[in-house]
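Peer 1: Residue numbers (this note's numbering), protein chains in the order written: chain B, 61 to 843; chain R, 583 to 749.
Careful, some of the hints might be misleading.
To be verified - With a Cα cut of at most 25 Å, we get these calculated DSS-like pairs of lysine-lysine:
1. 131(B) to 208(B)
2. 237(B) to 163(B)
3. 72(B) to 244(B)
4. 734(R) to 72(B)
5. 727(R) to 72(B)
6. 163(B) to 152(B)
If you are wondering where the hints come from, they were derived from the structure by calculation, not from laboratory data.
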Amino acid sequence: MAISQMVGASIKRREDPRLVTGTGSYVDDIPQTAVVHMHVIRSSEAHARILGIETGRAKEADGVIAILTGKDLKPEFGAPLPVTVCFVPDKKYPNHYPIAIDKVHYVGEPVAIVLATSRAAAEDAGERIEVKYQSLPAVLDIEKAIEKGAPILHEELGSNLSYDVKFAAGDMDAALKEADVTIKQRLIQQRLIPIAIEPRGVLADFKTFSNKLTVWSSTQIPHFVKVWLAVILGIPESNVRVVAPEVGGGFGSKIRVYPEEILTALASRRLGRPVKWIEDRNENVKATHHGRDQIWDVEIAAKKDGTVLGIRPTQWLNLGGYCSQFGTFQVLGMLVAQGAYKMKAFDGRAVGVFTNTTPTDAYRGAGRPEATYLIERVMDLVARETGIDPVEVRRKNFVRVEDQPFTTLLGLTYDSGDYTTTLNKALEMVDYKALRREQAEKRKQGKYLGIGLSTYIEICGLGPAAATQAAVGVSLWGMSVVNVHFTGKATVIIGSSPHGQGHETTYAQVASDVLGIPVEDIDVQHGDTAIGPMGMDTYGSRSTALDGNAVHVSATKVQEKARKIAAHLLEAAEGDVVYENGKAFVKGTPSKAVTIQEIAVAAFQTSRLPKGMEGGLEATTFFDPTNFVWPFGAHICVVEIDAETGATRILRYVAVDDCGTRINPMVVDGQLHGGIAQGIGQALFEEAVYDEAGQLRTGSLVDYLVPTASDLPSFELAATITPSPVNPLGTKGIGEAGTIASTPAVMNAIVDALEPFGVKDVSMPATPQKVWALMHRNGGTKR
Amino acid sequence: MRRRVAVTINGTKHEHEVEPRLLLVQYIRDVVGLTGTHVGCDTSNCGACTVELDGHSVKSCTVFAVQADGAQVTTIEGLAQGTTLHPLQQAFWDEHGLQCGFCTPGMIMAARQLLARNPNPSEQEIRVGLEGNLCRCTGYHNIVKSIQAAAKVMAPGAERKAPAPVS
């Protein structure tokens with residue numbers, strides 16, 4: 061770009077005044093008269109046949125309008141809930157309807173809905189509903205689920221195995237033969253509950269005599285929801301409008317078409333009244349999908365100088381009771397598990413299994429945190445086994461700048477990256493050598509300092525369209541409309557749908573630079589399927605790489621038209637006119653300029669336009685990049701373990717991240733802070749636990765520990781900037797990088813701290829109890 | 583069996599007949615119509631519903647409306663003066679102390695109480711003081727900075743420079 065003023069500026073977010081005053085409108089805040097409240101009766105059994113649902117007493121309760129079961133609603137489902145290819149085209153999966161018809165497969169699955177005049181009335185009536193179950197044995201464990209004789213969830217599939225596929229290249233057997241060091245390790249990705257602070261909620265309003273449906277949903281994907289509401293309910297897509305109003309966090313948990321979106325819409329169509337459902341936290345922990353829940357077994361071949369020759373990872377994925385819409389997206393982890401390193405062989409296998417648990421799906425990072433945890437633990441395992449510093453092992457194996465664009469064994473090509481520079485910068489920030497000396501000193505005093513590294517890469521910015529169509533089953537691109545109004549102010553419409561990421565600010569910055577219109581005169585609109593042609597929504601750190609660049613391209617098209625209009629107004633040759641800072645003029649005579657405001661007026665006073673030119677000053681773009689984008693960075697975590705209690709305290713957290721061009725550095729840092737905190741949550745605190753009967757034992761925020769302010773340090777951030785060559789702004793994604801990088805940094809630090817005790821691995825979360833036990837497993841003696 | 587309650591919220595007196603089991607947060611949101619106070623859990627853990635009740639910060643999901651009978655309640659909507667933000671609101675904006683904004687009203691109300699009790703808190707005191715309020719977006723980093731910034735502005739004797747109104 062010739063002029064860049066706003067891109068790179070940490071301007072304050074225009075979203076914030078309404079949010080800090082409590083005047084933003086989340087789903088539950090939308091005023092609606094005569095609304096009917098929906099309460100969902102959920103399965104109390106993990107695996108059971110529904111023998112009958114007795115609703116007679118409930119129907120007589122005060123305020124009840126209707127009670128509907130799966131059997132009542134089945135004829136109205138034009139299709140089951142969608143399941144996307146996501147790297148496993150031949151997977152087996154059952155039809156999944158928004159409500160159980162005759163069998164339940166996890167605790168929390170909807171079995172009936174109560175519609176009443178108030179939420180309290182609906183819940184009171186729900187107490188009177190009796191569901192008769194025939195309990196079946198439940199299976200919760202990935203490995204047990206595919207043992208012979210295991211209870212089968214979906215009889216029509218013949219077993220609980222959904223898929224068992226290979227992702228391999230190079231000769232792993234040869235690598236093992238060549239190796240001086242071979243290591244086998246099991247790494248557990250415990251099940252996580254996303255916990256967006258706003259639970260989900262839906263308000264559906266069907267207008268009978270116009271056959272039109274409007275749905276407000278706390279979702280990341282209003283456009284996907286629109287399409288599937290149309291398909292499942294049999295309403296023309298043109299008659300369905302979905303709005304994502306203020307959305308109180310997502311982290312992947314609001315990325316799928318959910319049963320309650322269908323159920324509220326169906327109920328509204330039946331009743332001819334608006335129907336609202338607001339999830340409470342008690343429901344949220346089991347009705348909103350979970351994340352992770354994988355076992356990774358890895359075999360490593362390395363040389364004694366620290367060179368990694370190859371790895372053989374197997375990813376065992378717990379899909380839960382059904383295959384969720386993007387349930388196998390986590391297989392992406394297998395595709396990117398090579399990380400920032402060169403090697404000769406990669407022999408991956410991915411296995412997906414059904415169990416009687418809440419379905420799993422994307423959760424911040426979706427596959428990439430798992431991959432990064434694997435490869436970054438691999439680097440530390442090799443370091444420990446060879447006695448070489450983990451920094452040197454990484455340096456030894458790094459893809460170098462001169463190798464870029466680097467193609468991995470599985471055929472993915474990195475767009476750009478300089479892994480040595482981010483690592484050096486992070487090492488400098490922590491003063492690595494001094495830290496190692498301090499660690500040695502402290503050990504003598506019986507204090508256990510640990511230093512953990514994570515030199516991650518990640519894939520994000522999903523498109524390109526052809527690649528995502530082949531791999532995921534959806535063509536992903538970015539969309540924008542840029543429209544300059546009569547008075548020279550502009551509206552930008554985007555196809556992404558933010559929930560905290562600040563798009564209203566950053567995309568105005570992008571358009572402002574191209575058009576020379578002040579940011580405050582550019583309104584960015586989103587999250588409403590009625591306002592743009594189509595969108596691919598927000599997930600996978602894709603918005604800025606796709607929709608942000610789409611804004612840039614649309615604004616550039618508008619600028620080009622403005623320049624043509626200006627040439628006509630100036631009676632100059634088109635080629636002689638330049639456009640800068642919102643003004644067009646003949647090269648060399650900036651004093652005789654026409655402003656964007658004057659050009660905009662002419663664009664609508666169409667008689668003043670060049671012959672044959674249509675009116676208006678608007679452009680639409682479907683932006684399709686040439687590759688994915690690959691952010692990277694180096695994170696270093698310093699912990700101290702309390703020898704008395706086993707508690708981990710994070711002393712320092714240093715992160716050097718490269719996400720290419722930073723449109724609004726303040727917003728980028730904010731994304732990193734939150735992402736790092738979430739990754740620390742997995743390392744230290746969070747774990748969804750089921751009992752043997754399939755009841756969730758961590759069913760509230762009392763038992764499921766989300767990090768609090770006092771659990772976390774302040775973070776020390778720095779940046780390098782390697783613009784992506786695959787889009788005009790040079791941007792990469794940053795929404796998930798913190799989470800992807802931080803979990804292995806923390807765990808590597810803890811394992812490092814426990815080195816004197818001979819500990820080579822600690823399973824997550826590293827609770828004080830677990831760490832203390834590891835320190836005392838030999839009766840408290842070291843080694 | 584409904585009970586009559588009179589609650590003064592942000593200086594305005596409200597009187598209603600309510601069910602005894604109605605929670606204060608439901609009263610504020612659904613009866614009075616002030617939806618800035620949010621509900622994020624059922625267990626008093628997340629703090630999104632934090633309001634001030636007779637000068638004390640409370641989680642309004644754990645107080646019955648009838649318990650607030652005769653009380654003075656301040657919610658997030660009561661902080662700004664016209665279009666001029668409260669120093670805490672201004673600081674959260676200035677320091678990027680929020681992302682999705684759902685926890686923010688409760689977070690600001692909790693911070694207000696924290697600063698009332700300890701006008702010049704250390705970083706650690708702020709972090710401990712916020713333990714009852716969960717944020718999933720910010721990692722608390724900029725929330726801590728926001729409260730430090732507001733503390734400076736709100737400190738007794740600090741030069742009161744009124745922030746510019748939100749246009």
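Peer 1: Next step is simple, just say for each hint if it's right about the structure.
Peer 2: Outcome of the hint check:
no.	hint	result
1	131(B) to 208(B)	violated, 32 Å
2	237(B) to 163(B)	violated, 50 Å
3	72(B) to 244(B)	violated, 49 Å
4	734(R) to 72(B)	holds, 20 Å
5	727(R) to 72(B)	holds, 15 Å
6	163(B) to 152(B)	holds, 18 Å
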